[in-house]
Amino acid sequence: MSKETARALVVGGGVAGMQAALDIANQGFKVYLVERSPSIGGRMAMLDKTFPTLDCSACILTPKLSEIARHPNIRLMTCAEVGSVTGSAGNFRVKLRRKARFVRENLCSGCGACSAECPVEVANEFDQGLGFRKAIYTPFPQATPNVYTVDKENCIDCSRCVKVCERNAIDLEMKDSFVNLDVGTIIIATGFELFDVSRYPRLGYGQYPNVIHAMEFERLINAAGPTHGHLIRLSDGKKPKSIGFIQCVGARDVQKGVPYCSRVCCMYSIKNAVMALEHNPEAEVWVYYADIRAFGKGFEEFYEMAKSRFGVRFVRGRVAEVMEGKSSHDLVVKVEDTATSKLRLIEHDLVVISPGVIPSSGMDTMAKKIGIDQTNDGYIEISHTFFGPTITKIPGVFVCGCADGPKDIPDSVSAGSAAAMKATIILSSGGT
Amino acid sequence: MSGTEDEPRIGVFVCHCGHNIAGTVDVEAVAHMASNLPGVAFAADEMFMCSDAGQTLIKEKIKEHNLNRVVVASCSPRMHEPTFRRVVEEAGLNRYLFDQVNLREHVSWCHMREPELATEKAIDLVRMSVARASKLQNLPIKKVNVLPTTLVVGGGIAGLRASLDIADRGFDVLLVEKTPKLGGNVAKWTHLFPSDETGADIIKPLIRDVKKNKRIKILTESKVSEFDGYIGNFGVTVKNLKTEKEERYEVGAVIVTTGFEPFKPVGYYSYGESPDILTLAELQELPRSEQLLKISNGKPVKKVVFIGCVGSRQPGVKGHEHCSRHCCSATAKAAADLRDRVDEVLVLYQDIRTYGKGHEEFHRMARQKHVIYSKFPQNEYPDVIVKKSKITIKWRDVLADEDLEFEPDMVVLASAMIPPEDVEETSHLFSLTRSGDGFFNPEHIKLAPLTTHTAGVMIAGAAQAAKNASESVIDASGAAAKAVGLMAQGEVEIESTVSHVIPELCSSCHTCLTACAYNAISMDETKDPPIAVVTEAKCHGCGTCAAACPSSAIVMYHSTDDQILTMVEAFLCPSPSIQGGG
Amino acid sequence: MTSTSLSTTETVDSQGEWEPKIMAFCCNWCSYAGADLAGTSRIQYPTNARILRVNCTGRISPEFILAALNMGADGVLVSGCHPGDCHYTSGNLKARARWALMETAIEQAGVDPRRVRLQWASASEAQVFADGVRTLTEQVRKLGPIRREWV
Ligand SMILES: Cc1cc2nc3c(=O)[nH]c(=O)nc-3n(C[C@H](O)[C@H](O)[C@H](O)COP(=O)(O)OP(=O)(O)OC[C@H]3O[C@@H](n4cnc5c(N)ncnc54)[C@H](O)[C@@H]3O)c2cc1C
Ligand SMILES: Cc1cc2nc3c(=O)[nH]c(=O)nc-3n(C[C@H](O)[C@H](O)[C@H](O)COP(=O)(O)OP(=O)(O)OC[C@H]3O[C@@H](n4cnc5c(N)ncnc54)[C@H](O)[C@@H]3O)c2cc1C
Ligand code: SF4
Ligand code: SF4
Ligand code: SF4
Ligand code: FES
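Protein chains in written order, with the working numbering: chain A, 316 to 747; chain B, 355 to 936; chain C, 563 to 713.
Bound conformation, chain A alone (with noise of 0.2 Å):
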């Protein structure tokens, strides 16, 4: 392989994936960092906090997504997916199906003119569907590359996007269109997906307005979120006074599917409780549990702090249901408290569900696309715990993050870069 053809693919913009791709760009490699969706930062960038300091997703993020942008050896192609892979390790041709965003990235500056102008509001998906946004959008404000995005399914065509813009970005005529790609190495960054927690009907998620999951309940704390910030209950608007968080839905459950742990709900939820009583101190924030897997450095720590500084309530037992009172909207949960052996009823006006992560969306078409093999839970197959962590059963192609298991974020920075010091050594020694 000459130093021409020496180029890397990464597929999946999060915090792996960007990860990944820098630490092959600073080695002088060529990268092409490749992206479904409209921008790069994949879930970190949809979070509030993070654990286990506390300091905010974005502000930790953005200059990631700077330096991903600006990096002369990254090549970003955002709205694309992969359409087929041929060849082998040195060698691979990956043929990419890029989406028409109906915006064209060179000249669009990112104004905003479009959308104000937009007259159709959509459910936003970023915000969990809790905000609104516009036909022609972009996720959130720090997105890479910033670049509107038309979603033609609620596009009613009025063109009032198009006349509005000064610089004539928008084409509402777009194609999809494919580009070939050649690449020494291959690296599977696709992230996770949340399970969905209305799959539990007796715990209300779906049914009542004031059960929300966790990723609603970041971007409700989120100063950029639905209600700027504002941690309040969607059925009336009102500060919840009383917040229960449960644990393990849709993880630990051999019954749903979900045998294996999800790695990061009981620490994310200890750090949205903290956040809870940071919103409002006066109110009393519950978590249901079975086992809090405090477990990575600094977690414990961070857990005693929610424990004995911030007053959480831990309980041990698995919940049984959530009630909703008739009129009021206030939730009655029913749980079995393992450390007394009593049934508790406990009233919260507002209940947080921890879903389980999941393999993303997709995952199954992409592995069979590439060669690769899948767990039973249907993650991306690791050669070997010890010996290839970050290698599947494909030369040349390796993968990091969530894609080949749950992990919180320093794991997940941590495989990117070890995937990515796999794939320079096949770049560097061509192919073998």
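The set of hints was computed from the structure by calculation and includes no laboratory data.
Think of the CB as a built atom: it goes at the ideal place given N, C-alpha and C, for glycine as much as any other residue.
Mixed in with the good hints, there may be bad ones.
To be verified - Facing chain B, according to a computed beta carbon distance under 10 Å, are these residues of chain C, among others:
| # | residue |
| --- | --- |
| 1 | Asn590 |
| 2 | Thr609 |
| 3 | Glu625 |
| 4 | Arg660 |
| 5 | Gln670 |
| 6 | Gly706 |
| 7 | Pro707 |
Unchecked claim - A few chain A residues facing chain B, derived, Cβ under 10 Å:
| # | residue |
| --- | --- |
| 8 | Gln342 |
| 9 | Thr368 |
| 10 | Leu380 |
| 11 | Ala538 |
| 12 | Asn595 |
| 13 | Ala598 |
| 14 | Trp601 |
| 15 | Glu619 |
| 16 | Ile661 |
| 17 | Cys715 |
| 18 | Asp719 |
| 19 | Gly720 |
| 20 | Ser729 |
Got chain A; can you put chains B and C with the ligands on it based on the hints?
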């Protein structure tokens, strides 16, 4: 150093950071006050200064108002100073003409209930920074070459992995291990989760590959005794512990993989009072035999109790507050394995943290094999009583709500991972700080887990925090990528914040020579009287010499007396015209 | 009590109470980081201190401390790495060596040495840092505004 003599035209940018700052500090008032300060040509507040929009704003305003200094009042400079330095540089300013005020970590987040006083503090801090900014000077941007060798300290699984990756990528490695053997702790484990191999099975091929590789120079029974230099060009003295012989090497980067030690839990659960009470590490180091035998009398063991979290998760006990991460899974694996050989296995725990891939599965398998799990209450530890070679254990089972008693033949304590006994030494050698768990601090706990605050020195594996072998391997490859990143570039920028002696003022007293810990100052004997000179490449920029010099002959660039005193003055006695809107 | 010409308008809070002014010098590597951690951990402490970041406590010349007292500080805090933990090996030891002399100097000048505080707080000791600020602030509050006849 070229002065920046032109009149200061300072731009001040105050960040809301969403609600993080603006929720407590009146950022508009701060920006308004700043706009009235002397030298300030532009001041504004903005939602997120670090976002693309914020960065573009800075660049635009530099052009528009011909700004020659920039102050950003936002979060800790420890996070974003590099970001903003780059921004001003992209707009054509020298990076040292930037100053950052910390309104978030040092104001809004720690004074959340006192918005007025917090705003007052923010105003003072911005005023101080503006005063400093007007005294900032251009400094040259310096690059140095990076030597194409990496020093790896510690030959456990992490050190082996890092060495191999770097060598496979085409760079040289100096691997230093203090014991006679490579392999570290993993080599000892007979019950290795989550696989059916032993630790030795895993370690052997790695050692073989490392020994075969021509790019890796292995020094066992050796320790680094001296370390100096700077990123790209470190000098290392390695001492052979047996021969006491020392040898000098030069390397461009360092990866510290010194791992951990299993805690010897003296004072816990009667450890030491009976040979049949041992740690999980000690259990795995027992000579292999068909049957598990009692250490006290060689009779077969029928009943075993494991106790979790020994010396871990103890709030308020220094160095023992952390979770040791590996023990729940290691216990589950050992318990499941042993259950095939003994009649009863009991595990006493507080929480079961089998979080990793496959861990939950063998935890379940242990239970299927009838390993009994019993949860004891936090801070109500089981009692282990040794009487005439009989061990009795009493505890409270939380789930059954009962007091229980058991007479095991053997008690296995899953003890904490703690740093190796010589960790202090390593920490001083490489100027690493340690966190509450005793392990080394990364540069950033989330986004930079493998680099440290000593540029060019990386950490990986259990040296960074308690973790299992698979996680250590991932770290190791990741840290290797960082080292290779430096070496592949071949050169790296270094800080220009060094000290400088003004020859005319030097009184030849030699005070600075003894002040400097890096021997960066020497006397130029060709002068009469001899005067002090700083070797910039050796200077780390601490400024100790500048503070020590009785003749005020030493300037510490970017931290001059003038720059410091002007801030003190701006805080305490700003002229009435510049008190601002506070 | 006379106030000197040099000193500024004294800070008063909204209730018109006197608020001590504390000048704090922190080294970048331990104490500044510790103060950052106090922030991220949301540890609340008095607002009186203004932190000036220097690379190392070794950089802090007694002149700075005297200047601060002279210009109207009611207290001065110097916070660095624990002995042995200095990022530059031993800057803090040099700072400690100078400290005794400096204390004598200010005492001779008629300033109560309880107004100055040298403390060690590592990057992980957020609480230690915050407590240090609190202790000094309360101490100085008890001592009252500084008498500056000596200047
Ligand atoms: C509610 C919640 C709170 C959390 N809080 C914290 C916290 O406080 N601290 C912490 O350390 N961790 C936290 N986490 C975990 C954290 O979100 C993950 O560690 C991190 O996002 C993983 O990064 P990743 O890059 O592997 O995956 P992701 O962030 O999921 O990114 C994957 C990216 O790949 C893209 N993608 C997916 N499929 C394809 C495809 N086929 N082609 C192209 N692109 C594709 C996706 O669009 C996405 O951008 C939290 C998780 C949740 C659910
Ligand atoms: C009882 C027990 C059971 C475990 N079981 C498992 C398991 O089943 N599966 C699993 O994945 N993990 C397990 N672990 C965790 C695993 O042992 C660690 O994750 C792993 O050893 C970390 O590797 P490392 O290379 O970072 O450190 P180490 O293995 O500690 O290696 C560090 C090396 O550095 C050397 N060194 C230290 N200081 C210096 C110095 N100053 N100069 C030179 N050399 C130095 C040491 O001699 C050693 O060789 C277990 C841990 C324990 C305590
Ligand atoms: S054309 Fe579509 S995107 Fe543009 S303004 Fe109309 S509805 Fe919105
Ligand atoms: S301390 Fe100052 S005066 Fe003394 S030798 Fe050094 S530079 Fe010269
Ligand atoms: S600043 Fe002075 S004392 Fe510090 S390293 Fe440089 S020359 Fe030595
Ligand atoms: S760096 Fe903290 S005291 Fe020297």
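Going through the hints against the structure:
1. Residue-level restraint check for Asn590/C holds (minimum Cβ-Cβ distance to chain B is 8 Å; threshold 10 Å).
2. Proximity of Thr609/C to chain B holds as hinted, the smallest CB-CB distance being about 4 Å (cut-off 10 Å).
3. Because the closest C-beta pair between Glu625/C and chain B is about 7 Å apart, less than 10 Å, the hint holds.
4. Evaluation of the Arg660/C hint against chain B yields a held restraint, the C-beta minimum of about 7 Å falling below 10 Å.
5. Taking 10 Å as the C-beta cut-off, the interface hint given for Gln670/C is violated, the closest approach to chain B being about 19 Å.
6. Hint status for Gly706/C relative to chain B: violated, with the closest Cβ pair at about 17 Å, above 10 Å.
7. The closest approach between the C-beta of Pro707/C and any C-beta of chain B is roughly 13 Å, which is over the 10 Å cut-off, so the hint fails.
8. Against a cut-off of 10 Å between C-beta atoms, the interface hint on Gln342/A holds, since the closest Cβ of chain B lies about 4 Å away.
9. Contact between Thr368/A and chain B, as hinted, is supported at the beta carbon level, the nearest pair being about 6 Å apart and thus within 10 Å.
10. Nearest Cβ of chain B to the Cβ of Leu380/A: about 8 Å, under the 10 Å cut. The hint holds.
11. The beta carbon of Ala538/A comes within 3 Å of a beta carbon in chain B, closer than 10 Å, and the hint placing it at the interface holds.
12. At its closest, the beta carbon of Asn595/A sits 12 Å from a beta carbon of chain B; the interface hint therefore is violated under the 10 Å criterion.
13. Interface restraint check for Ala598/A: the shortest CB-CB distance to chain B comes to about 15 Å, outside 10 Å, so the restraint is violated.
14. For the restraint placing Trp601/A at the interface with chain B, the shortest Cβ-Cβ distance is roughly 17 Å, beyond the 10 Å limit, so the hint is violated.
15. Contact between Glu619/A and chain B, as hinted, is supported at the beta carbon level, the nearest pair being about 5 Å apart and thus within 10 Å.
16. Of the supplied interface hints, the one on Ile661/A is violated, with its beta-carbon coming no nearer than about 19 Å to a beta-carbon of chain B, more than 10 Å.
17. Residue-level restraint check for Cys715/A holds (minimum Cβ-Cβ distance to chain B is 8 Å; threshold 10 Å).
18. The interface hint given for Asp719/A holds, since its Cβ lies 8 Å from the closest Cβ of chain B, which is under the 10 Å cut-off.
19. For Gly720/A, the shortest C-beta to C-beta distance to chain B is roughly 5 Å, which falls under 10 Å, so the interface hint holds.
20. With 10 Å as the threshold, the beta carbon of Ser729/A comes within range of chain B, its nearest partner Cβ sitting at about 5 Å, so the hint holds.
Hints 5, 6, 7, 12, 13, 14, 16 from the list above are not met by this structure, while the remaining hints are.
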